[in-house]
Amino acid sequence: MEEKHGTQIISGDIINLVIARLETIPPNVEMSVGNEGSFSIGELIERVKKQDDIGKKMIEMQLAYLRSLGKLPTQDLQNAPADN
Amino acid sequence: MLLLITRPRHDRATHYLFYWAGLLIDEAKKRGVRVIDLGRDKASRKKLHSYLDKQPIDIVILNGHGNQEAVAGQDNKIILSAGNGTNLLNGKVIFVRACDAGAVLGKEIMKNGARGFIGYLQPFMFLIDKDSLNKPLEDKLAAPILGCSNQVGLSLIKGRSVVEAQKDSWDKYTETIDKYSSSEAINSFLLPILLWNMTNQVCYQ
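Here the protein sequences come in this chain order: A and B. For the first sequence, position 12 matches number 12 in this note's numbering, and the numbering has no gaps at all. For the second sequence, position 76 matches number 76 in this note's numbering, and the numbering has no gaps at all.
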């Protein structure tokens, strides 16, 4: 499913991925987003669902991080110990 | 060396920045650097411009809210903006810890003859543990992020160039990101925020 916001379309999978990542932050934590204020994690998730300016920043930040993981040197992954 | 620092305190974000900027003041005084501390109501346009006009200030560190063209002081009143006060920064090094100011304001500051500028292209973000509101310096979630940005000020106070201060801060971000990336690390949810602030921290010389 895809959700439209203006001319930009953000896939529902991405929205769900960003929400899942925000849900890893403990509930007693707030995020200070500059002059926009401080937001609880629940409020940030609502903003992501609405895809307003704050929500889009959260999406942009999480996607930038996930993309950076793709730049990890392959060798690092090959040398990483197995979990089991 | 003479350092001017603004640190308004009127909401949660500025409450945290107030205390973290206080560490920079402590370090400066320890090193014999003279400090003009514009805290709370003193973080006003009038006082800032007056000191910049009359004192031989070397380093300016502005903490507070901002946008692409301006930085605010106490109660979000604009204290410096494109076309209003940037000429007073001629010959100085400036670190603006506020949202977005690297985009337009920083460039204008450089055009007006500043020696260097470090700031952010996007909103500066950090986490606040509500259980630590009364002790911002002991907040284990805010500390990794604010510590990395504080490194800019610490390096400038130590006499490092603006490029060196940016490198020192980036090195600290990298070290912190590595620490929270390890398999033993808890609080790995800090990683996107660390990366965001690091990649949006720009340096002009």
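Calculated directly from the structure, the hints in this document are not laboratory data. Every residue, glycine too, gets a C-beta built ideally from N, C-alpha and C. Some hints could be false.
Straight-line distance between alpha carbons at most 25 Å, and here's what the computed DSS-like set of lysine-lysine pairs gives [what the hints assert, rightly or not]: (1) B:K140 to B:K130; (2) B:K30 to B:K167; (3) A:K71 to B:K167; (4) B:K179 to B:K30; (5) B:K46 to A:K71; (6) B:K130 to B:K92.
With the Cβ distance kept under 10 Å, some of the chain A side facing chain B (calculated, not the full set) [said to hold, decoys possible]: (7) N16; (8) L17; (9) V33; (10) N35; (11) G37.
A short list of chain A residues far from chain B (calculated; beta carbon distances all over 10 Å) [stated by the list, open to error]: (12) I15; (13) M31; (14) K50; (15) G70.
Outcome of the hint check:
Of the pairs offered as hints, the one joining K140 (chain B) and K130 (chain B) holds, with about 11 Å between alpha carbons and a cut-off of 25 Å not exceeded. At most 25 Å may separate the alpha-carbon atoms for a hinted pair to count; K30 (chain B) and K167 (chain B) meet this at roughly 23 Å. For the proposed pair K71 (chain A) and K167 (chain B), the alpha carbon gap of about 21 Å is at most 25 Å, so the pair holds. Restraint check for K179 (chain B) and K30 (chain B): the C-alpha separation of about 29 Å exceeds 25 Å, so the hint is violated.
For a cut-off of 25 Å, the pair hint linking K46 (chain B) to K71 (chain A) is broken: about 48 Å separates their Cα positions. For the hint linking K130 (chain B) to K92 (chain B), the alpha-carbon distance of about 37 Å lies beyond 25 Å, and the restraint is violated. Annotation: interface hint on N16 (chain A) violated; nearest CB of chain B at approximately 16 Å, more than 10 Å. Interface hint at L17 (chain A): violated, since its Cβ lies 12 Å from the closest Cβ of chain B, which is beyond the 10 Å cut-off.
At about 5 Å, the closest approach between the beta carbon of V33 (chain A) and any beta carbon in chain B falls short of 10 Å, and the interface hint on this residue holds. A hinted interface residue such as N35 (chain A) counts as satisfied when its beta carbon comes closer than 10 Å to some beta carbon of chain B; here the least separation is about 4 Å, so the hint holds. For G37 (chain A), the shortest C-beta to C-beta distance to chain B is roughly 7 Å, which falls under 10 Å, so the interface hint holds. Residue placement check: I15 (chain A) keeps its beta carbon more than 10 Å from all beta carbons of chain B (closest about 16 Å).
Remark: the non-interface label on M31 (chain A) conflicts with the geometry, its nearest Cβ contact in chain B lying 6 Å away (cut-off 10 Å). Look at K50 (chain A): its CB is around 17 Å from the nearest CB on chain B, clear of 10 Å, so calling it non-interface holds up. Here G70 (chain A) stays apart from chain B, with its beta-carbon at least about 13 Å from theirs, past the 10 Å limit.
Checked against the numbered hints above, the structure breaks hints 4, 5, 6, 7, 8 and 13 and satisfies the rest.
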